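Visitor: Quick note, the sequences are listed as chains V and P, same order.
Be aware that the first sequence starts at 1, since it is given in the working numbering, and climbs by one per residue.
Be aware that the second sequence starts at 1, since it is given in the working numbering, and climbs by one per residue.
Rather than coming from a laboratory, the hints here were simulated on the basis of the structure.
These figures come from a predicted structure and were not determined experimentally.
Be a bit skeptical, because a hint or two may be false.
Straight-line C-alpha distance at most 27 angstroms; calculated DSSO-like pairs for lysine-lysine [what the hints assert, rightly or not]:
(1) P:40 / P:67
(2) V:64 / P:16
(3) V:56 / P:67
(4) P:62 / V:17
(5) V:17 / P:16
(6) P:62 / V:64
(7) V:56 / P:96
For each label pair, taking beta carbons as the anchor points, the in silico distance ranges come out as [to be verified]:
(8) V:41 / P:73: 28 to 34 angstroms
(9) P:62 / V:71: 33 to 39 angstroms
(10) P:63 / V:228: 53 to 59 angstroms
(11) P:92 / V:41: 42 to 48 angstroms
Over 12 angstroms on every C-beta distance to chain V, these chain P residues come out as not near it, computed from the model [unchecked claim]:
(12) 36
(13) 52
(14) 57
(15) 67
(16) 68
(17) 76
(18) 102
(19) 109
Note that CB positions come from ideal geometry on N, CA and C, so glycine has one too.
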Amino acid sequence: MKLIDRYVYAVTEYLPKDIREDVGRELRANIEDMLPENYTEKDVYQVLEELGSPWKLANEYNPKKRYLIGPGYYDKYISVLKMVIGICVSVFAGIAILDWAIESPSGGSVNNLIVLSSKLISAMFEGAIQGALWVTLVFFILERTGVDAGHLSFYNSKWTPEDLPVLPPNNKRKISRGETIFSMFFTILFVALICVKPQLIAIYDKGDDGNMDAISLFDIERLQSYMIIFFLFAIIELGIYVWKYIAGSWNMPLAVANAIYNVVSCILLIIMLSDQALFNSEFFHKIVEYTNGTSQKVTTWIDKSKWVLLAVIVIICIADSISAIVKCLRRESNYGR
Amino acid sequence: MDSMNEQISSLTVELKRGTLVLLVLSQLRNYEYGYSLVQKLEEKHAPIEAGTLYPLLRRLEKQNLLKSEWDTSESRPRKFYTLSEEGKAVYLQLKKEWRSISNLLEVLLEEDENNETN
């Protein structure tokens, strides 16, 4: 009977694989039990009507969470979404303007302005989409893994007054929102630059013909091979920012995740900095030209500054990791009183 | 008036929903399959919609309150359910809870009726 097949299919279509077949078999048996002997199409119609909408039935059968962002995270999701979309739109718009300014230096004509505005609109649109996509992904992961579950009094039956958020004014344990937004802005700017327009990180040289010449710092092709891992790091970092933003104060899992992330990103940085092929040799030739130095001198100077930069970043990372853990320990000992 | 009736019926549905599991557990001392249980409950004037009962049986099985077996010996294969050991224990406890709730409520309601007549 076609009608029964269609009904069973409609119920089981989106059920998890492991129960789909069994539910279908049982449902079919139940439907057949409800039918009289030598039944007609009309009988089937009646029985199915009695069982009601297959989607409602499927809803009852389905054991899975059937939402992307649940009520526990919803408000935080919306607030982070607004913030990140705002940052992304301004970052992408900024990059578009920069790109336009470099590509068409003889600006001012109507045509140029049209190019600029169309570029701006599409860049802002892309920024909004990118921001929304990655924030949603991060929250989806938070939702499914249930980190920070202590804040969700919604589901957590063992709520205690200790779970109350810390009051904002002059509290050292508090992670400042402004700080999070600030660092999020620069991370997004940096990542967007590297991923979308790495050639913008360059020395700009006005050639004799009046056109702007850009000599990129990076060897773009080589940079491409780092792109996936780099992007992955950016998403993890965004995740930690979001976690920080919604947690409002340091807790141990957050501080540990932060420390691990810092260590691993330092390792990535060391790998990238020691990869000679990642940098465009022309860029350094240009520096040699500008400074009138010998290429020997410039190379040693660049090498030195590279390691100084690295040392500074490593020190910042270590300080950041330790201070987070210390704040967290202090907090816990305060609660232990 | 209509909206009041609507409210009453939706509140009645909620009241019944709470008793649904106990009601189903009470009928599963012996093996039953989906439709036989629907009929049994209908005969006892406690009808449950088939679309509610079938998924409920599965859920209770997943919570280890019921165990099930496919019987393929007859012309039509059927999935039979009955109380598991855990289910029996839960059923007994739930029955106690229900009796105490129902007694308590009975006392309260009666008290109120007495007050009214005074």
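Visitor: Of all the hints numbered above, which does this structure not satisfy? Sort the numbers upward.
Guide: 5, 7, 9, 10, 12, 13, 14, 16, 17
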